[in-house]
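*Asks:* One letter stands for each residue in the lines below.
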Amino acid sequence: MLHQLDISSARQRLLAREITSVELVRSCLDRIESVDPQCRAFLHVVAEQALAQAQEADRLLQSSDRNKPLLGIPVAVKDNVAVVGEPLTCASKMLERYRSPYDSTVAEKLKAAGAVLLGRLNMDEFAMGSSTEHSAFFPTRNPWATDRSPGGSSGGAAAAVSSDLCLAAVGSDTGGSIRQPAAFCSCVGLKPSYGRVSRYGLVAFASSLDQIGPLTKSIEDAALMLQVIAGPDSRDSTSEPALVPDYSNQLDRPISGIRIGLPKEYFVKGLDPEVESAVRQAIETYKSLGATLSEISLPHTEYAVASYYLIATAEASANLARFDGIRYGLRVPGDSPHELHANTRGQGLGPEVKRRILLGTYALSSGYYDAYYLKAQKVRTLIQQDFRKAWEQVDLILSPTTPFPAFPIGKMTDDPLDMYLSDIYTISANLAGLCAISLPCGFTRDPKLPIGLQLMGKPFDEANLLRVAQAYERNTSWHNDKPDLPSP
Amino acid sequence: MADTDFDIDYIARLARIHLSESERQVYASQLSKILEYVEKLKELDTENIPSTTHPIPTINVMRPDVPATSLSTTALENAPEQVDQLFRTPKIVD
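Going down the list, the sequences are from chains A and B. Numbering-wise (our numbering), the first sequence opens with residue 1 and increments by one. Numbering-wise (our numbering), the second sequence opens with residue 489 and increments by one.
Hint data in this document are derived by calculation from the structure and do not stem from the laboratory. Treat each hint with caution, since some may be false.
What the hints assert, rightly or not - The calculated lysine to aspartate or glutamate pairs, modelled on EDC-like cross-linking and capped at a C-alpha distance of 16 Å, are:
| # | chain 1 | residue 1 | chain 2 | residue 2 |
| --- | --- | --- | --- | --- |
| 1 | B | K579 | A | E339 |
| 2 | B | K579 | A | D335 |
| 3 | B | K530 | A | E302 |
| 4 | B | K521 | A | D335 |
| 5 | B | K579 | A | D324 |
| 6 | A | K448 | A | D272 |
| 7 | A | K111 | A | D65 |
| 8 | B | K528 | A | D370 |
| 9 | A | K411 | A | D147 |
| 10 | A | K264 | A | D415 |
| 11 | B | K579 | B | E569 |
| 12 | B | K528 | A | D65 |
| 13 | B | K521 | A | D272 |
Unchecked claim - Pairwise CB distance ranges, derived in the manner of DEER restraints:
| # | chain 1 | residue 1 | chain 2 | residue 2 | range |
| --- | --- | --- | --- | --- | --- |
| 14 | A | P351 | B | Y498 | 29 to 37 Å |
| 15 | B | T541 | A | R327 | 40 to 48 Å |
| 16 | B | P552 | A | G85 | 26 to 34 Å |
| 17 | B | T546 | A | H44 | 53 to 61 Å |
| 18 | A | P232 | B | S508 | 41 to 49 Å |
| 19 | B | D553 | A | D418 | 47 to 55 Å |
| 20 | A | P37 | B | S508 | 27 to 35 Å |
| 21 | B | S508 | A | E23 | 50 to 58 Å |
| 22 | A | E56 | B | K521 | 24 to 32 Å |
| 23 | B | Y498 | A | D418 | 37 to 45 Å |
| 24 | A | S294 | B | D553 | 48 to 56 Å |
As the list claims (entries may be wrong) - Derived, one-sided and incomplete: chain A residues facing chain B with beta-carbon distance under 10 Å:
| # | residue |
| --- | --- |
| 25 | Y98 |
| 26 | S193 |
| 27 | P254 |
| 28 | I255 |
| 29 | G257 |
| 30 | I258 |
| 31 | H300 |
| 32 | S317 |
| 33 | G325 |
| 34 | S336 |
| 35 | G360 |
| 36 | Q377 |
| 37 | T381 |
| 38 | I383 |
| 39 | P486 |
Backbone N, C-alpha and C define an ideal beta-carbon position, used for all residues, glycine too.
Use the sequences and the hints to build the structure in full.
*Replies:* As structure tokens, then:
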């Protein structure tokens, strides 16, 4: 049952030579074989390669290199983060046969830290979606209830971590794509501040919003993973030049006196009563730990979804212009270059991606730019100002991660706007460049579905975010519950 | 205004996406509904509000201008068609 370990405990046992990396990796591969047919979190597993990396890790564990922070730890990567030689499909027909010619900075750092990479995780096509149903290959299913969505777009990552297919995963978050699936599957999902982690080698969706971050089984592991992947990178000029603090050694500092804000606009109609009650319980836990809780206002919250979906789609329409059938990916012939482009994109892109490119193209088109794109960017400034005012009163902001728990597969696909509106609690952190985390805070009764608690922090204040999240985790046991997946 | 002047064919042409007849109809109606929703931004007076240009203000980020390894011909490995270490494209100019 080694696959059930989290990074921190696996690492201790590896260093104590109680287990080997090969045993650990084999346990995950066996687990993938037995339960992933039910969840379908992986698009591609590189078993042989992983075992070879594990053998190498076991060799290093006997050497002076044994202190690498992830040495011998099996992790998996969302299929939009490049790992040299491996597929990078973004769950799209457009890139079905694409292989990464180089490593992303995050992959380089994971490898340098000694991690063993197990394979590629399913997602909504090009990270556009909140359910992983928009994968062009197959939907991923929620390990807690396989008729439900694991969330998205990093649904494969969340399902894989919560069903113990890997010890941790790397995902990307443009409007909640790490936090929302983490909430739906009961794991920890961290979206670092804009600029904290290099995006070199991440397939771009909306460049002013995208961030890479970890999905883990514990807060301690999230701190460890962030430590490995964070930092400035000359290949990503939006990465923050300031040095990365030590996240792990601050985790256990007491939180008494910390000021936590509760945005009144987040506790409104549309919030599922069981979700609300779990979050209210968490508020009581924080009070008992000595935190000061107070109501705050983020008055422009109701405009966030509209602003986000104009900005994100506008940026997507520009970023995805690169899929032109010329340099890489699918090519569908046509009688003229224009027809070749249009045929390639017509066949290679799925419905949600087309919808968003069309919306973004419209928002940027001549005559509409001021009314849509520019307006949305001005409203974004107002949303950022809301947070700046809030930081004068509080250190962190607490809310539900999602308005409701995991929904049945197929329920939200008819009306794209309904799906967009469900991102209401997560997208503001992206618009304002904040760091934010989702952690398990309970379950609904029947069916038993995970509930996520979100904490948002000031840009580059991950240390406090993780410390306050850790205080909650240490005083609760939600993170110990596991989905009941029958293994045949 | 949104649902009357959204010209799906014009936008699809700008976006270089071929749409089938059924796609045209579905997307036109879905996008009209989404555009109707985003109209709510007009409720806000943003006359004197600057637009966001970067999520977190940063000054210019510089790096030393030194040569480094690049992808070279590996960049061609994913090309749908290549010839003589070049991307092959359909004829662009007559």
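*Asks:* Would you mind marking each hint as holding or not holding in the structure?
*Replies:* Here's how the hints hold up against the structure:
For the suggested pair K579 of chain B and E339 of chain A, the alpha carbons sit about 12 Å apart, so the restraint of at most 16 Å is met. At most 16 Å may separate the alpha-carbon atoms for a hinted pair to count; K579 of chain B and D335 of chain A meet this at roughly 10 Å. For the given pair, K530 of chain B sits about 13 Å from E302 of chain A by alpha-carbon distance, which is consistent with the 16 Å threshold. For the suggested pair K521 of chain B and D335 of chain A, the alpha carbons sit about 35 Å apart, so the restraint of at most 16 Å is broken.
Distance hint between K579 of chain B and D324 of chain A is fulfilled; the C-alpha atoms sit about 15 Å from each other, no more than 16 Å. With a C-alpha separation of about 14 Å, the suggested pair K448 of chain A and D272 of chain A falls inside the 16 Å cut-off, and the hint holds. Straight-line distance between C-alpha atoms of K111 of chain A and D65 of chain A comes to about 13 Å, which keeps the hinted pair within the 16 Å bound. Between K528 of chain B and D370 of chain A, the direct Cα distance comes to roughly 15 Å. Compliance with the 16 Å bound is thereby established for this hinted pair.
The suggested pairing of K411 of chain A with D147 of chain A holds, with an alpha-carbon distance near 11 Å, which does not exceed 16 Å. As the CA atoms of K264 of chain A and D415 of chain A are separated by approximately 28 Å, the hinted pair breaks the 16 Å bound. Using a Cα cut-off of 16 Å, the hinted pair K579 of chain B and E569 of chain B holds, with the two alpha carbons roughly 13 Å apart. Distance check on the hinted pair: K528 of chain B and D65 of chain A sit about 57 Å apart at the alpha-carbon level, beyond 16 Å; violated.
Using a Cα cut-off of 16 Å, the hinted pair K521 of chain B and D272 of chain A is violated, with the two alpha carbons roughly 25 Å apart. Against the hinted window of 29 to 37 Å, the Cβ-Cβ separation of P351 of chain A and Y498 of chain B comes to about 20 Å, which falls outside the hint. Range check, T541 of chain B to R327 of chain A: about 29 Å between beta-carbon atoms, so the 40 to 48 Å window is missed. At roughly 29 Å, the beta-carbon separation of P552 of chain B and G85 of chain A lies within the given 26 to 34 Å, and the hint holds.
T546 of chain B and H44 of chain A have their C-beta atoms about 36 Å apart, which leaves the hinted 53 to 61 Å range violated. A C-beta distance of roughly 46 Å is found between P232 of chain A and S508 of chain B, which places it inside the suggested range of 41 to 49 Å. Between D553 of chain B and D418 of chain A the Cβ separation comes to about 50 Å, which falls inside the hinted range of 47 to 55 Å. For P37 of chain A and S508 of chain B, the Cβ-Cβ distance of about 33 Å falls inside the hinted range of 27 to 35 Å, so the restraint holds.
Separated by about 52 Å at the C-beta atoms, S508 of chain B and E23 of chain A satisfy the suggested range of 50 to 58 Å. Checked against the hint of 24 to 32 Å, the C-beta distance between E56 of chain A and K521 of chain B comes to roughly 54 Å, which is inconsistent with it. In this structure the supplied range 37 to 45 Å is violated for Y498 of chain B paired with D418 of chain A, their Cβ-Cβ distance being about 27 Å. In this structure the hint that S294 of chain A and D553 of chain B lie 48 to 56 Å apart at CB holds, the actual value being about 50 Å.
Because the smallest distance between the Cβ of Y98 of chain A and any Cβ of chain B comes to about 5 Å, under 10 Å, the interface hint for this residue holds. With its C-beta approaching chain B no nearer than about 7 Å, S193 of chain A sits inside the 10 Å limit, and its interface hint holds. The interface hint given for P254 of chain A is violated, since its Cβ lies 29 Å from the closest Cβ of chain B, which is over the 10 Å cut-off. Taking 10 Å as the C-beta cut-off, the interface hint given for I255 of chain A is violated, the closest approach to chain B being about 26 Å.
At its closest, the beta carbon of G257 of chain A sits 27 Å from a beta carbon of chain B; the interface hint therefore is violated under the 10 Å criterion. Because the closest C-beta pair between I258 of chain A and chain B is about 23 Å apart, greater than 10 Å, the hint is violated. Checking H300 of chain A against chain B by beta carbon gives a least distance of about 8 Å; that is within 10 Å, so the hint holds. Because the closest C-beta pair between S317 of chain A and chain B is about 6 Å apart, less than 10 Å, the hint holds.
The closest approach between the C-beta of G325 of chain A and any C-beta of chain B is roughly 6 Å, which is under the 10 Å cut-off, so the hint is satisfied. The closest approach between the C-beta of S336 of chain A and any C-beta of chain B is roughly 7 Å, which is under the 10 Å cut-off, so the hint is satisfied. Hint status for G360 of chain A relative to chain B: holds, with the closest Cβ pair at about 8 Å, below 10 Å. For Q377 of chain A, the suggested interface contact is upheld, since its CB lies about 4 Å from the closest CB of chain B, less than 10 Å.
Of the supplied interface hints, the one on T381 of chain A holds, with its beta-carbon coming within about 5 Å of a beta-carbon of chain B, less than 10 Å. At its closest, the beta carbon of I383 of chain A sits 9 Å from a beta carbon of chain B; the interface hint therefore holds under the 10 Å criterion. Using the Cβ-Cβ criterion of 10 Å, the hint placing P486 of chain A at the interface with chain B is not satisfied: the shortest such distance is roughly 39 Å.
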